[in-house]
Amino acid sequence: MTDRRDPPDDDGPSGPAGTPFPAEHEWLDLPLPGDLDRFGFVERTMDALHAAGLPARANEDDGGDVPLPHEVLAAFRSPEPSPGFVARTMDALQQDQARHLHDVLARYAAPEPSPAFVARTLAALAVERDRTAAAAPRSSAGLRRAWPLLAVAAGAAVWLGLSLLRRDPDVPSLRNAPFEARLAHGGPRAFAHTYATTPLGAVLTTIAHRADPRALPDGDVDGAWLLLEGSR
Amino acid sequence: MNGSACVVATLSCLGFGAAVADARAQAGAAADGTAAIRRLLSELDALFDRGDLDAYAARFAPDHAGALEMRRRQLARWVRPDHRMQRTSTIGGEPREVGGRTVLRVHHELRGTVPAGPDGGTRELVLREDTMLALRRRGDGRFVPTFEVEVAAQSPCLQGEVFRCPPCNYEIGGIDGWLCVPEQRERGQSLDAADFWLIGTDVVCSVAVRVDCRAPTAAQMATELATTFHELGGDTAASAPVAWTPKALAGDPPAGLDGVRLDVRLAGAGGASGGRAILHVVVFAGLQHILLARGSDAALQAHAAQLQQLIDSYRLILVDPTNARLAAQALQHHTGGSLDGVRYRNDAFGVSFDGPAGWRAEQRCGGAAFHVRWTSPNGSRVYLRGHRAPAGMTAWCPTTADRWVHQLCESAKIEAAADGADASWTEHATCGGRSRTIVCVPRDRSDTDAPQRVIRLLLRGDLLLVVDSATHGEADDRAVQAAVQTLRAK
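Protein chains in written order, with the numbering used here: chain H, 1 to 232; chain X, 1 to 490.
Since the hints were derived computationally from the structure, they do not count as laboratory data.
Glycine is no exception: its CB is placed at the ideal position from the N, C-alpha and C atoms.
Hints are not guaranteed to be accurate.
Stated by the list, open to error - Now the in silico label distances, taken between C-beta atoms and shown as ranges: (1) H:R210 x X:E410: 12 to 20 Å; (2) X:A324 x H:P213: 44 to 52 Å; (3) H:P148 x X:D444: 34 to 42 Å.
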């Protein structure tokens with residue numbers, strides 16, 4: 001049986017006195033210790049502590065209590081509570097508890113409806129039923145809820161339309177434009193080749209860009225753009 | 001009796017009375033026609049001056065709805081609620097009959113005021129542009145415009161209705177019914193570009209010449225074009241590319257000639273058919289020739305023979321496949337620049353720049369006057385672009401340069417770093433003009449792979465130089481800084 005001692009400081013493979021330290025997989029296979037001589041163990045431990053100058057051995061006449069030194073007791077003594085501390089603490093606790101209970105109760109408690117409220121509600125429901133039966137328009141309440149969404153959607157549509165128009169104000173619709181116009185409109189307006197009557201220039205520019213993507217564009221400037229639009 | 005009356009009398013005595021009468025009738029008709037055209041131009045000018053582009057477009061009975069829509073878009077740039085231009089249009093060339101229409105060149109002069117700068121105020125603006133106008137004459141003698149497109153002010157490649165560019169090594173055109181309209185350089189995004197319009201129909205064939213440093217095959221380029229149509233224009237369906245040899249070379253195609261044809265069905269408005277695009281791509285000696293014909297299904301079917309005649313008129317001028325200088329010659333002709341190793345020289349604009357040693361240098365084509373890119377073994381890059389002052393301006397100024405660079409950065413999703421170097425304009429020590437340096441960061445701060453980005457600007461009157469560096473690592477950054485010291489702009 002291996003006497004279990006304090007783990008060695010160096011975590012080496014062997015324990016004190018050269019005994020081999022069990023490997024991890026061996027721990028589970030170690031035999032259980034024999035009947036522990038508890039009292040004997042405690043006796044030995046206490047003797048060792050006393051020899052080191054720790055509190056004296058308890059006397060049986062004292063009921064087995066080991067009085068701690070005064071200085072030890074003083075170190076762990078709790079401070080005196082401030083005046084009113086207890087009262088304040090109790091008061092806070094009670095308020096917190098009351099609030100919690102109120103929240104719980106309020107969740108489930110419903111006020112008793114007045115007779116007038118009941119009558120109004122029933123009448124409104126009857127009117128709504130009649131209106132729905134006659135294919136009435138949506139309730140104004142529903143429209144009021146949808147109005148912000150409609151406004152946002154309308155604003156987005158206007159912005160999108162303006163963006164499309166702003167991008168190319170000269171051609172109403174690229175989709176319906178002739179082939180050469182569609183090719184030309186794909187290029188920046190600053191470049192002269194985007195105004196060529198035939199599309200070969202636009203095609204050759206694209207090929208040049210593909211062959212050397214990091215290079216500056218392979219085109220020349222359009223004078224009208226440089227003088228008029230480029231100054232904006 | 002004046003001189004002309006003497007001539008008429010003499011001719012009449014000699015028995016040419018009928019011819020004289022005919023000539024008089026024709027002259028009278030022509031004078032009536034010219035007067036009617038002038039009235040129409042005045043009406044269109046008045047509508048433009050009022051800013052009523054809807055009425056302007058409604059005046060047309062368009063042969064090509066897409067062209068009219070793009071013309072409207074062009075005009076709309078000058079019509080703003082807070083700004084108005086006044087236009088005066090004059091006949092710029094003798095009207096002629098093409099495809100059942102009267103076609104003429106028109107000069108437009110736009111006058112107005114534009115903001116003068118950040119301190120407020122305005123300045124007078126005079127802008128000149130040319131268009132090609134096609135008219136149909138009604139029974140009552142009035143003209144109805146059917147077609148109006150921008151045309152490049154000058155195009156030395158246009159000879160009659162043939163578009164011939166020896167540096168780009170091709171020619172095409174000269175077929176009845178087709179009107180050749182050279183494009184302005186900044187519109188076409190290529191070295192050279194022109195549109196052939198089958199007047200009276202909605203069929204158009206766009207021609208463009210490019211150099212592509214990736215050196216794709218014709219099939220790869222055609223497929224990429226078709227894919228991009230789909231990406232930009234909605235639902236499209238493309239056929240597989242098939243090998244194609246230009247008719248002029250069918251008997252003895254030169255080695256190295258790579259040609260394909262590819263058909264694309266285009267999406268139209270509201271899900272309807274948008275017609276078809278027929279792509280022909282030829283790659284030869286480093287140059288790409290793109291022929292893009294488009295039209296409605298019905299028009300392409302009805303005029304298939306005329307379209308084929310135009311395609312058959314395309315031919316290469318030089319067929320020597322060993323001519324490695326063709327692409328470089330085309331670049332030098334159209335951009336003014338050439339590369340010698342990493343050294344770039346542009347005599348047309350007086351610009352020179354020695355790129356970092358050991359980097360790969362490539363000239364590129366696009367909308368800018370010239371565009372060169374150097375790439376390091378680590379993937380760092382430095383770009384040199386030159387931008388001419390656009391139409392309506394005689395010179396760049398710091399305000400307009402800032403505006404343009406801000407747009408470029410916005411499109412590239414980068415912005416000036418808050419703690420970057422001082423970004424104000426200063427006098428450039430060696431080149432003259434004014435310069436500015438902007439340290440940029442990606443707008444997406446989570447882009448941890450982003451290179452260190454510095455944009456250096458040099459403003460020299462009519463030219464804005466943009467040196468854009470995107471470097472990985474300090475070594476590449478130092479190499480770019482050293483290279484920037486070599487920039488010269490006379």
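Evaluation of the provided hints:
1. H:R210 x X:E410: 12 to 20 Å: 19 Å, holds
2. X:A324 x H:P213: 44 to 52 Å: 30 Å, violated
3. H:P148 x X:D444: 34 to 42 Å: At 37 Å between Cβs, range holds.
Checked against the numbered hints listed earlier, the structure breaks hint 2 alone; every other hint is satisfied.
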